[in-house]
Amino acid sequence: MSYSIKEVSQKLNISAYALRYYEREGLLPFVKRDDNGRRIYTNDDLGWIQLVNCMRTMGMSIAYIKNYVKLCVKGDETKAERRNIIQDQKDLIQKEIKKYTELLELVNLKLDYYDEKISRDEFKEIMLKKDRHDLI
Numbered sequence: 002m003s004y005s006i007k008e009v010s011q012k013l014n015i016s017a018y019a020l021r022y023y024e025r026e027g028l029l030p031f032v033k034r035d036d037n038g039r040r041i042y043t044n045d046d047l048g049w050i051q052l053v054n055c056m057r058t059m060g061m062s063i064a065y066i067k068n069y070v071k072l073c074v075k076g077d078e079t080k081a082e083r084r085n086i087i088q089d090q091k092d093l094i095q096k097e098i099k100k101y102t103e104l105l106e107l108v109n110l111k112l113d114y115y116d117e118k119i120s121r122d123e124f125k126e127i128m129l130k131k132d133r134h135d136l137i
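Residues in the sequence shown are numbered consecutively from 2, following my numbering.
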């Protein structure tokens with residue numbers, strides 16, 4: 002099945018501008034065009050678009066994604082290298098999750114203080130134990 006840029010944009014909730022940008026940057030290497038120069042997207046292209054969009058959401062730079070796409074195009078001999086790229090990204094995400102989990106805990110403590118579930122002294126004591134006196 003083939004799709005127009007408008008159909009892909011609606012189907013995947015990605016702007017036509019972003020799709021054109023991804024193609025211009027070489028992130029969508031297989032998109033074909035019809036005789037009038039209009040893009041024709043296939044189901045395989047939709048998979049690539051979802052992958053690129055996911056990688057952008059994970060915080061990967063365009064250059065990083067471009068390198069990953071080039072490795073994909075090369076085939077199975079780059080599988081280990083591609084896996085390493087994804088593992089590195091997973092590690093970064095886990096660090097971010099840890100950071101935000103700690104921040105959420107601190108916000109909840111502060112809310113407990115404001116909701117009078119804990120006293121100011123208890124709050125200070127907890128913060129000092131966590132070595133987060135910068136947020137007292």
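FYI, nobody ran anything at the bench for these hints, they're computed from the structure.
We put the beta carbon where it would ideally sit given N, CA and C, even for glycine.
Some clues are possibly wrong.
In silico lysine to any residue, SDA-like type, Cα no more than 20 angstroms apart, as pairs [unchecked claim]:
#, residue 1, residue 2
1, K75, G48
2, K130, L104
3, K12, E24
Taking CB as the label site, the calculated pair distances span [to be verified]:
#, residue 1, residue 2, range
4, R83, R25, 16 to 26 angstroms
5, Q11, L93, 30 to 40 angstroms
6, N109, Q88, 30 to 40 angstroms
7, C73, Q95, 31 to 41 angstroms
8, I94, A64, 13 to 23 angstroms
9, D122, T79, 14 to 24 angstroms
10, D36, K100, 21 to 31 angstroms
11, R83, I41, 49 to 59 angstroms
12, N109, L52, 31 to 41 angstroms
C-beta pair N109, L52: status relative to the range 31 to 41 angstroms that was hinted: holds, 35 angstroms
Beta-carbon spacing of D122 to T79 - inside the hinted bounds 14 to 24 angstroms or not: Violated, since D122 and T79 (Cβ atoms, about 58 angstroms apart) do not stay within the stated range.
Pairwise beta carbon distance, R83 to R25, judged against the given window 16 to 26 angstroms: holds, 23 angstroms
Outcome of range test on Cβ distance (I94, A64; 13 to 23 angstroms): holds, 19 angstroms
Outcome for the supplied range 30 to 40 angstroms, where the beta carbon pair is N109 and Q88: holds, 31 angstroms
Straight-line alpha-carbon gap K12 to E24, limit 20 angstroms: Status holds; Cα separation ~17 angstroms.
Status of the given 21 to 31 angstroms range, CB of K100 versus CB of D36: violated, 52 angstroms
Cβ separation of Q11 and L93, checked against the hinted range 30 to 40 angstroms: Because 32 angstroms falls inside the window, the suggested range holds.
Satisfaction of the hinted span 31 to 41 angstroms by the C-beta atoms belonging to C73 and Q95: The hint (31 to 41 angstroms, Cβ to Cβ) is violated, given that C73 and Q95 are roughly 24 angstroms apart.
20 angstroms limit on alpha-carbon distance, applied to hinted pair K130 and L104: holds, 15 angstroms
Pair hint outcome, K75 versus G48 [Cα-Cα no greater than 20 angstroms]: Holds, at about 17 angstroms.
C-beta pair R83, I41: status relative to the range 49 to 59 angstroms that was hinted: violated, 27 angstroms
When each numbered hint is compared with the structure, violations occur for hints 7, 9, 10 and 11.
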